[in-house]
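Visitor: Whenever a hint applies, use it, and build me the whole structure from the sequences.
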Amino acid sequence: MSIEVGSKLQGKVTGITNFGAFVEIEEGKTGLVHISEVADNYVKDINEHLSVGDEVTVKVINVEKDGKIGLSIKKAKDKPPRQRNNRQRSESFESKMNKFLKDSDERLASLKKHTESKRGGRGAKRG
Numbered sequence: 103m104s105i106e107v108g109s110k111l112q113g114k115v116t117g118i119t120n121f122g123a124f125v126e127i128e129e130g131k132t133g134l135v136h137i138s139e140v141a142d143n144y145v146k147d148i149n150e151h152l153s154v155g156d157e158v159t160v161k162v163i164n165v166e167k168d169g170k171i172g173l174s175i176k177k178a179k180d181k182p183p184r185q186r187n188n189r190q191r192s193e194s195f196e197s198k199m200n201k202f203l204k205d206s207d208e209r210l211a212s213l214k215k216h217t218e219s220k221r222g223g224r225g226a227k228r229g
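Here our numbering runs 102 ahead of the position in the sequence shown, where the first position is 1.
FYI, nobody ran anything at the bench for these hints, they're computed from the structure.
Possibly wrong hints are sitting among the right ones.
[Stated by the list, open to error] Restricting the straight-line Cα-Cα distance to at most 20 angstroms, the calculated cross-link-like pairs of lysine to aspartate or glutamate (EDC-like) are:
no.	residue 1	residue 2
1	K170	E126
2	K131	E166
3	K161	E139
4	K177	D142
5	K176	D147
6	K161	E106
7	K204	E193
8	K176	E106
9	K114	E139
10	K110	D147
11	K170	E129
12	K131	D168
13	K167	E106
14	K177	E106
15	K177	E126
16	K161	D180
17	K110	E166
18	K170	E218
19	K177	D156
20	K177	E139
21	K114	E126
22	K176	D205
23	K131	D147
24	K176	D142
25	K110	E157
26	K167	E129
27	K177	E208
28	K176	D156
29	K110	D180
30	K170	E208
31	K179	E193
32	K131	D156
33	K176	E126
34	K176	E193
35	K215	D205
36	K220	E208
Small disclaimer: the values here were computed from a predicted structure and weren't measured.
Guide: Right under this line is the structure:
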């Protein structure tokens, strides 16, 4: 059976380096999970996430001509579908721009009013 990009497989961590982990998958083949593909957040030390002998689920992200197999643990996790906010999608650019301009004018007017009250009003003379 050939290993195809996009397939999810079970594997066993056989080695850990500072740049990733080697995972043995089917038919004795080994692939590399790069450190950036271990978790959704930043991974400084891969040893905090994986150990030799761990059983992991991986997703094949690439298979090179020379036989190298790129794997991902974070892409193998099933994520719930993201909820889209349809109201924002249907809002036109013009309406967004109008709303922005209105908010901007209100903030500017409030800022001017606040600044003038600190100076003692517009007509205050210095002397």
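Visitor: A separate judgement is required for each hint: does it hold in the structure or not?
Guide: Verification of the hints:
At most 20 angstroms may separate the alpha-carbon atoms for a hinted pair to count; K170 and E126 meet this at roughly 12 angstroms. A hinted pair counts as satisfied when its Cα atoms are at most 20 angstroms apart, and K131 with E166 qualifies at roughly 13 angstroms. A C-alpha spacing of about 10 angstroms is found between K161 and E139, which places the hinted pair at or below 20 angstroms, so the restraint holds. Taking the CA atoms of K177 and D142, the gap is near 9 angstroms; set against the 20 angstroms cutoff, the hint holds.
Our distance criterion of 20 angstroms between C-alpha atoms is met by K176 and D147, whose separation comes to about 16 angstroms. Of the supplied pair hints, the one linking K161 and E106 holds, its CA atoms being roughly 9 angstroms apart against a limit of 20 angstroms. With a C-alpha separation of about 16 angstroms, the suggested pair K204 and E193 falls inside the 20 angstroms cut-off, and the hint holds. Between K176 and E106 the alpha-carbon distance is near 18 angstroms, which keeps this suggested pair within the 20 angstroms criterion.
Under the criterion of a C-alpha separation no larger than 20 angstroms, the hint pairing K114 with E139 is consistent with the structure, at around 16 angstroms. With a CA separation close to 25 angstroms, the supplied pair K110 and D147 exceeds the 20 angstroms bound. Only pairs whose Cα atoms come within 20 angstroms are accepted, and K170 paired with E129 is accepted, the gap being roughly 14 angstroms. The straight-line distance between the Cα atoms of K131 and D168 is roughly 13 angstroms, inside the 20 angstroms bound, and the hint therefore holds.
Straight-line distance between C-alpha atoms of K167 and E106 comes to about 13 angstroms, which keeps the hinted pair within the 20 angstroms bound. The hinted pair formed by K177 and E106 meets the criterion: a straight-line CA distance of about 15 angstroms does not exceed 20 angstroms. Restraint check for K177 and E126: the C-alpha separation of about 17 angstroms stays at or below 20 angstroms, so the hint holds. Using a Cα cut-off of 20 angstroms, the hinted pair K161 and D180 holds, with the two alpha carbons roughly 11 angstroms apart.
This hinted pair checks out: K110 and E166 have alpha carbons roughly 17 angstroms apart, not beyond 20 angstroms. Our distance criterion of 20 angstroms between C-alpha atoms is broken by K170 and E218, whose separation comes to about 69 angstroms. A threshold of 20 angstroms between alpha carbons decides the hint, and for K177 with D156 the separation of about 17 angstroms falls inside it, so the pair holds. Simply put, K177 and E139 have alpha-carbon atoms about 7 angstroms apart, close enough for the 20 angstroms limit, and the pair holds.
With a CA separation close to 5 angstroms, the supplied pair K114 and E126 stays within the 20 angstroms bound. The suggested pairing of K176 with D205 is violated, with an alpha-carbon distance near 41 angstroms, which exceeds 20 angstroms. A C-alpha spacing of about 25 angstroms is found between K131 and D147, which places the hinted pair above 20 angstroms, so the restraint is violated. Simply put, K176 and D142 have alpha-carbon atoms about 6 angstroms apart, close enough for the 20 angstroms limit, and the pair holds.
About 13 angstroms separates the Cα atoms of K110 and E157, which keeps this hinted pair within 20 angstroms; it holds. About 18 angstroms separates the Cα atoms of K167 and E129, which keeps this hinted pair within 20 angstroms; it holds. A C-alpha spacing of about 45 angstroms is found between K177 and E208, which places the hinted pair above 20 angstroms, so the restraint is violated. With a CA separation close to 15 angstroms, the supplied pair K176 and D156 stays within the 20 angstroms bound.
The straight-line distance between the Cα atoms of K110 and D180 is roughly 11 angstroms, inside the 20 angstroms bound, and the hint therefore holds. With a CA separation close to 59 angstroms, the supplied pair K170 and E208 exceeds the 20 angstroms bound. Taking the CA atoms of K179 and E193, the gap is about 33 angstroms. The hint is violated against a cut of 20 angstroms. Distance hint between K131 and D156 is fulfilled; the C-alpha atoms sit about 16 angstroms from each other, no more than 20 angstroms.
Note on K176 and E126: the hinted pairing holds, with a Cα-Cα distance of about 17 angstroms set against a maximum of 20 angstroms. Between the alpha carbons of K176 and E193 the distance comes to roughly 34 angstroms, so the proposed pair goes past 20 angstroms and is violated. With a CA separation close to 15 angstroms, the supplied pair K215 and D205 stays within the 20 angstroms bound. For the proposed pair K220 and E208, the alpha carbon gap of about 19 angstroms is at most 20 angstroms, so the pair holds.
Hint check: violations occur at hints 10, 18, 22, 23, 27, 30, 31 and 34; the rest are consistent with the structure.
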